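S.K.: Those protein sequence lines, which keep their order, are chains A and B. 1 is the number of the first residue of the first sequence in my numbering; add one for each residue after it. 1 is the number of the first residue of the second sequence in my numbering; add one for each residue after it.
One thing to keep in mind: the hints can contain errors.
A pair holds if it fits inside one copy or across any two, identical chains being indistinguishable in the list.
To be verified - List of simulated lysine-lysine pairs, BS3-like, C-alpha gap at most 25 angstroms:
| id | residue 1 | residue 2 |
| --- | --- | --- |
| 1 | K20 | K99 |
| 2 | K20 | K91 |
| 3 | K58 | K181 |
| 4 | K43 | K20 |
| 5 | K99 | K181 |
| 6 | K16 | K91 |
| 7 | K91 | K9 |
| 8 | K91 | K181 |
| 9 | K58 | K43 |
| 10 | K20 | K58 |
| 11 | K99 | K16 |
| 12 | K43 | K99 |
| 13 | K20 | K9 |
| 14 | K58 | K9 |
| 15 | K181 | K20 |
| 16 | K91 | K43 |
Worth flagging that the hints you see were computed from the coordinates, not collected in a lab. This one's a predicted model, so the numbers in the text were calculated from it and none came from an experiment.
2 protein chains.
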Amino acid sequence: MTQPSFTLKLPEWINKEIEKNGTFSSDEQKMQFVINCGIQNVKLQTGGPFAAALFNAKTHELIAPGVNVVVASHCSLAHAEMMAIGIAQQKLGSFELGKDTELFTSTAPCAMCLGAIPWSGVGRVVCAARDEDARAIGFDEGAKIDNWIDALTQRGISVTVDFMRTEGKAVLDLYASLGGKIYNGTGEE
Amino acid sequence: MTQPSFTLKLPEWINKEIEKNGTFSSDEQKMQFVINCGIQNVKLQTGGPFAAALFNAKTHELIAPGVNVVVASHCSLAHAEMMAIGIAQQKLGSFELGKDTELFTSTAPCAMCLGAIPWSGVGRVVCAARDEDARAIGFDEGAKIDNWIDALTQRGISVTVDFMRTEGKAVLDLYASLGGKIYNGTGEE
């Protein structure tokens, strides 16, 4: 038997999106890149309406992007934040990204991604759309602890929410308007 | 630029462990396989003291094993449960495993793996050691919701805890006694 393994890939178009956005110097530019990736993922039908990216807070360099590829990769773990974390850690050869690393995400993390954030070693999380915006189009964010922002803060991770929420919500609404697949592990695949 | 991706692999010895355990007909045999994988992972120093496996509840077939390979794979996502889920879903070509799928795990899931369970589509979770047993040797289980068993049950996932807890705890204690690395995303790598 071959050694059991699995591989998760981002869509090929992500490289063009990276090339288009050479430099980042503000939170707005970083989040706009994430939003653009989310829009592309929806328009090109390569996954769900969720995007994320990891940046170095000091150099403002993009470390890794991520988009939701659950359906395309047949993998319920393939949320945007998880893709960015997995790619960044293998790129840097470290299972801890370090406190200078910022995670930008187009929608506040679901229960799984929230649980993954402290283990990733990032120092900051910036979210656009809220959980309720994802729920409004039928996505389930899972059973998150009520005080999730405090829980991250207590672990030394700073959290910014509602940052460009309108733009994050627009990605979700675009997906819904195009009749995108909603999946929540409920056996309705 | 090449298409961003990441690959997670189980250690090669897992195939021998699978061959040794041809058939499974009881929960005890399934959990014993998981415990054996945990012991091997510790003894062969291929990862943390955590193992898991997915079985078909009707045929009792092993779908996919998993062990913690966080350090070896430079990936904080590479917990035992996540490995089993990722491998099983790619093997079956589906992001929802189905309610006939059972997840056996040597220690109750951390916050991330707990969040991943509903998205995976499994119908049953069986845990050996408790969160507090993992914490006793220095591992952090994350900010889990207090009523995590109820939260899974309400989603139609049945949960059995403290099943062969002594054996699950023994894997943790073996790791601690051998001076195994403790990592919690706190920048102390």
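S.K.: Which earlier hints can't be squared with this structure?
M.R.: 1, 3, 9, 11, 12, 14, 15, 16
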